[in-house]
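2 protein chains.
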Amino acid sequence: MWNEDVLSSGPRVATAGIDLIDDALARQDVDVAPTRWQPPSASGLAPVLSSIALCDGVRTANRTALERLTGARPHLVGVRPASEAVGLEPGTFLHAGPPIDWAGASGPLRGALTGAALLEGVASSPDDATARFARGEFRLEPCHHRAAVGPMAGVVSPSMPMLVIENEAGGGKAFCTINEGLGKVLRYGAFSAEVIDRLRWIERVLAPVLGDVLRAAGPLDLYAMAGEALQMGDECHNRNRAGTSLFLRAIGPHLIEAPRSSSDAAECFRFITGNDHFFLNLMMPAAKAAADTARDIEGSTMVVAMARNGTEFGIQLSGTGNEWFTGPSGVPQGLLFPGYGPEDANPDIGDSTITETVGVGGFAMASAPAIVKFVGGSSDLALDSSRRMYAITLGEHPLFRLPALDFRGTPVGIDVALVVRRNTLPVVNTGIAGREAGVGQVGAGLVDPPARCFENALARFAERHASLLRT
Amino acid sequence: MWNEDVLSSGPRVATAGIDLIDDALARQDVDVAPTRWQPPSASGLAPVLSSIALCDGVRTANRTALERLTGARPHLVGVRPASEAVGLEPGTFLHAGPPIDWAGASGPLRGALTGAALLEGVASSPDDATARFARGEFRLEPCHHRAAVGPMAGVVSPSMPMLVIENEAGGGKAFCTINEGLGKVLRYGAFSAEVIDRLRWIERVLAPVLGDVLRAAGPLDLYAMAGEALQMGDECHNRNRAGTSLFLRAIGPHLIEAPRSSSDAAECFRFITGNDHFFLNLMMPAAKAAADTARDIEGSTMVVAMARNGTEFGIQLSGTGNEWFTGPSGVPQGLLFPGYGPEDANPDIGDSTITETVGVGGFAMASAPAIVKFVGGSSDLALDSSRRMYAITLGEHPLFRLPALDFRGTPVGIDVALVVRRNTLPVVNTGIAGREAGVGQVGAGLVDPPARCFENALARFAERHASLLRT
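Sequence lines, in order, name chains A and B.
With the numbering used here, the residue at position 275 of the first sequence is 257, and numbering never jumps.
With the numbering used here, the residue at position 356 of the second sequence is 338, and numbering never jumps.
This is chain A alone, in the form it adopts within the complex (with noise of 0.2 Å):
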């Protein structure tokens, strides 16, 4: 186009940054080529940044942190009800994100707290069930302060059955409930009489059943799994059926042997593949255990924890424990099921973006083209949402690799500098819960994490670091 003269042939015009002249440039019929840039943030954080980048011992502190977290090898061992897996005592619940109590949850998570009271018989019907909790008669405690990561509101109590898993590359267990299938479900905060029959089966034919698949089949390498199913179209967060798959492939042959009745395991089968999400909650506490080996570094700007309450958005560094930095949780936008509005979407919910921190998930896409029919947009949005991530994060993984990329590793161990530097803000693709209690899924879509906390958690780091940054 350039070479020829522009006042024949018209301009095209390379844009940077703003929206609103693309757009006005387009609506004249000028060829318009965006380009992608984003201003710097406006946060004051440039100092912080400037040092940071200048310092050793961060560049050292992330190197280990990223290869703890990248050299993980979770494997699923087994299945124990939380009382004896994560210590749950009896009128204590688990739930998804950083710390909230009741008065600050939203529909879902009420709905699945008032569910799992019904479960655990210490409410006798939902109206007692709320009173009690509005009375703070129960306690409330993040899954992640027990080891364990939960979908959604990510509600456990302590009868519920727990998949087990350990890091075979140097120790440290992660947990997560069984996923409970599709439509009106716990995690969703439904908690009528199907759903709370559903959660009993599964404590008292799944639980056992797959205990002793897994006492026969061994250790089962999960991350080798989630390798496999991102050359199969999973990215292992909102894409599962290659995951699923390759589970069921690697159980069938105990299930047949398994000593149960046979249709009790026929059961079980059945109901493991009329759910393509069930890898998920294999995948999270996978990841769980891998981020927690790359805790509490000092001096590191890792990512190590992103979760949601449905009210909330938190992160954790490596560098400052077990501090959580928030921000509102945003709507995801996306795809909503016939029938539902964007006013039936609750803010963004769940323990899931744990596969984001640890290079799945939204930093996968590119390898599951197919997931833009569930969360909306075209084939290119996936490829570009990997390709983005690679900005702000400290490497590529080993083990998870993406085909469409020519077998590139997945961008992975999230630096909070990079992204306050590079004003990014990590992709994550997630479902969508109805806003009121009861109502269950009501689509999927992407969302953004606040960038409040991402600042946040950069000055509590620079000012816990001081005396490192002035090295």
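For the record, the hints were derived by calculation from the structure and aren't laboratory data.
It is possible that some hints are incorrect.
[Unchecked claim] Here are a few chain A residues that sit away from chain B, every Cβ distance over 12 Å (derived from the structure): (1) E49; (2) F120; (3) A129; (4) R223; (5) L237.
[As the list claims (entries may be wrong)] Derived DEER-like restraints, expressed as beta-carbon distance ranges: (6) A:I178 to B:A199: 23 to 33 Å; (7) A:F389 to B:A199: 31 to 41 Å; (8) A:W183 to B:P201: 27 to 37 Å.
[Said to hold, decoys possible] From the structure, some residues in chain A lie toward chain B, with a derived Cβ separation under 10 Å: (9) G165; (10) S349; (11) A364; (12) L365; (13) L387.
For each residue, glycine too, the CB sits at the ideal point set by N, CA and C.
Please arrange chain B on chain A, whose structure you already have, making use of the hints.
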């Protein structure tokens, strides 16, 4: 580049068609942008192409052929021995590709025939088998002549169990043996005791168990599985990991409940899950059932079979009945297993090109970027292979969609007139057999069919349709 001074910045040269010039320029460090361009075929068929392009009768016939081809819904319905399924008589052996005799057969085909004669007990030793074949004591016949297809050598003998496929949209059956797994296997020409023992186990254990399972499960929709497998990184010819997974998910509960011993059922599950190509022998007869619905449509230039016997590559057209048009099989180029060189590779062999005939395999490589680890090349090659095939096909498949191309249907319905006019051959990806009988697989790669068979088919079509083309 173009708006700068060529003398200071150096030229960028766009080239068309002639690699010699690209290479010469690239060696001089000139920035080369090769464009895709093929000179028209020099076959002297230009007048035929013109009259076909103007002929409404051909257009109508091809529309019918494409509708039938893409409207088929092949289901797996059962397992029966070849003697019943295709009425195979003792002493008759089916093989892949167009007709061939023992004298013309390549090493892997001879090896597979030898193994089948030993399996049937009609020869006392490998030497005895080859002597009998050489003396013409046994009959050879293409699989395609009995509504069957076979991967690689494709040898079928009367006692072998065959998978029975029915097209539930309008009738028609097709047949294929059960995939034997990897390593030393009959289809690659191996005939040692382990090969024969495995075939006996398939007959004695796997076939009856699968028969029971299919009676319980009912017909299995293979095109639904293939469509989903394309969303999961398969292209349904050389990558079948997702298809095999989906098949196991479908039969798993029935294997658990199977009436025979659970140790047999578990052994069958382990055999299938140990072989990611299991689904190939389901996809191939499904494709055959679909392709056969489009046969014998007067005036259609659509290809309804492509098959290789290890010596020749042959095609059949809808409008020219059962006549084969052949040319010499090429040697696939790709990745060889360690220890093998190009001199070990047999020319292209097998009926598996029935997958490309129905719009998957090489035509769906855009779904399977991970396949380049198997056949060589980069992820761009995978995208490009699919994109190029739209130029020689009559339509896009309604069930087989490519997520990486924003869910565009795969290119389907190869038009021999377009192949010749555009001088673009169908892309085929394939396993590579060792040249010597008994060696087995030595690699995988891509191969060009011989242009001659398409040109000869077109010429014969014109001859047979002289009066139609005059109208």
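Check your understanding: Against which earlier hints does the structure fall short, listed by number upward?
Key -> 4, 5, 9
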